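Take the given structure of chain W and dock chain G to it, following the hints.
Number of protein chains: 2
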Amino acid sequence: MLIHSAAQLLTLAGPPQRGQHLGSLSIIEDGAVLLEGERIAVVGPSPELLARYPDAPRLDASGKVVMPGFVDPHTHAIWGGDRAVEFELKLEGKTYLEILQSGGGILSTVTATRQASTASLIAQTRARLSQSFRHGTTTIEVKTGYGLDTDTELRMLDALLALHQEGPWEIIPTFLGAHAVAPEYKGDPQGYTDHICKVMLPALAQWWQAHQGEISQPFVDVFCETGAFDLEQSRQILTAAKQLGFPLKVHADEFDNLGGSSLAVSLGAASADHLVTTSAADIQALGRSDTVAVGLPGTPFGLAHQEYTPAKAILEAGGTLALASDLNPGTTWCENLQTTLAIACRYMKLTPAQAIAAATVNSAAALGMQDRLGTLEADKQADLLILDVPDYRHLGYRYGINLVHTVIKKGMTFPIMQELE
Amino acid sequence: MLIHSAAQLLTLAGPPQRGQHLGSLSIIEDGAVLLEGERIAVVGPSPELLARYPDAPRLDASGKVVMPGFVDPHTHAIWGGDRAVEFELKLEGKTYLEILQSGGGILSTVTATRQASTASLIAQTRARLSQSFRHGTTTIEVKTGYGLDTDTELRMLDALLALHQEGPWEIIPTFLGAHAVAPEYKGDPQGYTDHICKVMLPALAQWWQAHQGEISQPFVDVFCETGAFDLEQSRQILTAAKQLGFPLKVHADEFDNLGGSSLAVSLGAASADHLVTTSAADIQALGRSDTVAVGLPGTPFGLAHQEYTPAKAILEAGGTLALASDLNPGTTWCENLQTTLAIACRYMKLTPAQAIAAATVNSAAALGMQDRLGTLEADKQADLLILDVPDYRHLGYRYGINLVHTVIKKGMTFPIMQELE
Chain W
1 MLIHSAAQLL TLAGPPQRGQ HLGSLSIIED GAVLLEGERI AVVGPSPELL
51 ARYPDAPRLD ASGKVVMPGF VDPHTHAIWG GDRAVEFELK LEGKTYLEIL
101 QSGGGILSTV TATRQASTAS LIAQTRARLS QSFRHGTTTI EVKTGYGLDT
151 DTELRMLDAL LALHQEGPWE IIPTFLGAHA VAPEYKGDPQ GYTDHICKVM
201 LPALAQWWQA HQGEISQPFV DVFCETGAFD LEQSRQILTA AKQLGFPLKV
251 HADEFDNLGG SSLAVSLGAA SADHLVTTSA ADIQALGRSD TVAVGLPGTP
301 FGLAHQEYTP AKAILEAGGT LALASDLNPG TTWCENLQTT LAIACRYMKL
351 TPAQAIAAAT VNSAAALGMQ DRLGTLEADK QADLLILDVP DYRHLGYRYG
401 INLVHTVIKK GMTFPIMQEL E
Chain G
1 MLIHSAAQLL TLAGPPQRGQ HLGSLSIIED GAVLLEGERI AVVGPSPELL
51 ARYPDAPRLD ASGKVVMPGF VDPHTHAIWG GDRAVEFELK LEGKTYLEIL
101 QSGGGILSTV TATRQASTAS LIAQTRARLS QSFRHGTTTI EVKTGYGLDT
151 DTELRMLDAL LALHQEGPWE IIPTFLGAHA VAPEYKGDPQ GYTDHICKVM
201 LPALAQWWQA HQGEISQPFV DVFCETGAFD LEQSRQILTA AKQLGFPLKV
251 HADEFDNLGG SSLAVSLGAA SADHLVTTSA ADIQALGRSD TVAVGLPGTP
301 FGLAHQEYTP AKAILEAGGT LALASDLNPG TTWCENLQTT LAIACRYMKL
351 TPAQAIAAAT VNSAAALGMQ DRLGTLEADK QADLLILDVP DYRHLGYRYG
401 INLVHTVIKK GMTFPIMQEL E
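Protein chains in written order, with my numbering: chain W, 1 to 421; chain G, 1 to 421.
Looking at chain W on its own, in the form it has when it is part of the complex (with noise of 0.2 Å):
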């Protein structure tokens, strides 16, 4: 098929944007793309390739933009329940007890997920991935901890691969069992963190072993944060995880700096992610790096927080920036990353190309997969969007809907946009 006359070919041509480089959208006028399968052909000008090729299915794209499928590297999309009689309590003043005491907080969707079947789960995440799809992500990590025991937590993957398997959208997914200390080792993160090492981490081994090339291999990430895992815990639980040969993923400095990011940096995890509190010396440390810096600024937007992810210091520092949304039933409920986009130029200070490509390129590379997604180049694989606007600026720009007008995964094409009958 041949996507052609593009009033804007973004095709973030290159490697992944490492600090000021940040914002290269490589973007061709009257742009085409040629895909072939599952894979990108050729890119060029319209011009050329509709002479060229005068024979491919035609997909006329005038007067709108075309671009990579959004990557969403930070995702907690599964889960059981919902937190909505919490969000009203917190704002009708109640403290944090009266809402622990009325089943709020992040054990109430630990119970809810525990109590969910596979099937249940399975129905409430694909309304999840099915708006976060149709919103421009082709591709979306999502990490289990909602279940803190080892039974729910494979579940958990387990639904994660029923759901990939069904598609159209592609998961990549990230155990999580260091999400927060179970119930069962209340007051005991140390014993928590010996049970994730010894009994968890290698039933993960064994559930990856039984399914290998169904799935990409999981990402073993830990919520290094005061009340969860301190450094050491997240070291053991961390190194455990290399030891089996899982890649590696950090929750840090989303409201204490306990070092993650330089943990993460130590043990080559493939990002930290949070990154609100970051110390001056942990942010040189991403600098120096090929740990990508994962700013998710729905989370400060959801809790009415001021301070983000300091953008500018980490691109000074020459780090690798992407951006996530962070989706999940406390912090941040919106599948919808052009909202994220819009977040981060307000927030985070970005440009739209420096969200952009923060969104794409390089939350790619914050999955290791800068080789397969992430930009409109020869080879990669054929995630698209074409945007019903003229400009790319408008993402960013405008906020809280839909600029959507098709997506294509692996080559297949999924028509958004419904004209309003």
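Please keep in mind that the hints were generated in silico from the structure rather than gathered at the bench. This one's a predicted model, so the numbers in the text were calculated from it and none came from an experiment. It is possible that part of the hints are untrue.
Identical chains share a label here; the pair holds if one copy fits it or two copies do between them.
With a straight-line cut-off of 30 Å between C-alpha atoms, the simulated BS3-like cross-links for lysine-lysine are [unchecked claim]:
id, residue 1, residue 2
1, K410, K186
2, K186, K90
3, K198, K242
4, K349, K186
5, K349, K94
6, K90, K349
7, K312, K94
8, K186, K94
Okay, now just chain G, sitting in the frame of chain W:
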């Protein structure tokens, strides 16, 4: 038609909700509503209505929320062009002067609007009205104000009239010739004020005489602000409009407190809008009046400002608080009022219930239309939403996507949510 089995039917029954009364949703669980033509006939429990009207065509709302359509009482939804480049220039740190020199600012929209044909204005605006409608806004106020000359301002009204007659949305027009000082009167706001009073308002009166009965009577609005119209000029314009019989609105206290909201109260305006820098005395004046206080939280969000309309103080003073999108090309381009509500919850600290009341029954009052719109009660207009959520609190809690399953406008059904094929 009988819409039945709603998990929650939010009737919002009763008058506009002043002060601490804000947030009374009057929920009927397992609720039903019988529509007859363009009107609501009966509201009540499903078992009762299903038994009483066995032959009515049915629409099953099981597991869903049914509520009044949103009324958006403050938008600038009609304009030519866009300001996407300006948005990026600002984020690149360009100065106001550099942006003006590159063709940015409100006057660039005035130029684009003047240059647009009426047909082009209609086409550009239709796309925004369609988005707004699909996201649940069944009645939308739209202001002129990017013409700033008689011809273009009246062409904007002509376009709004055509779009209103086309539907399915219902447009409430507002004349905002006093949106900014016209370029022809640069440095002479008093001269432009006199021109509005002596030339433009009489032309508006003529327009209205020609079109009475085809659309609701236009409001007249003024941007009372440093750099636009001072308090005395605002008074002159509003007084002239009032003498011609037009209902009034005022843009007050967006950036500076000039006394615009007390002026609105003293002239009996339907609403005072923005209200970010409103003084304590002005808040008290609003609280004692029937002038509705309209918060526009998308605007500070769009500008990444920290200050929002002080909802708590307005409610404590007994004011009638409404919410609107302020949809415009300069500060906030978001057609999704659900996202506006989500911002209001986080930054104005409204509960979901308060935000819902502020965007239905109270925003109807901001248009003086509380007798016809904004609640689900017998004899009100059949403007309803069916939301694909089990609990009203998902409004506010979730953001950035569309939770609307079906819009019903004047009894006509518009399915919105499509399954992904």
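Structure-based check of each hint:
1. K410 to K186: neither (45 Å within a copy, 56 Å between copies)
2. K186 to K90: within (24 Å within a copy, 49 Å between copies)
3. K198 to K242: within (14 Å within a copy, 78 Å between copies)
4. K349 to K186: Neither. Shortest intra-copy (40 Å) and inter-copy (33 Å) distances fail the 30 Å Cα cut-off.
5. K349 to K94: This pair counts as between: shortest inter-copy Cα distance 13 Å, intra-copy 33 Å.
6. K90 to K349: both (28 Å within a copy, 9 Å between copies)
7. K312 to K94: Only across copies: K312 and K94 sit 16 Å apart there, 36 Å inside one copy, limit 30 Å.
8. K186 to K94: Within. Shortest intra-copy distance 23 Å satisfies the 30 Å Cα cut-off; inter-copy 52 Å does not.
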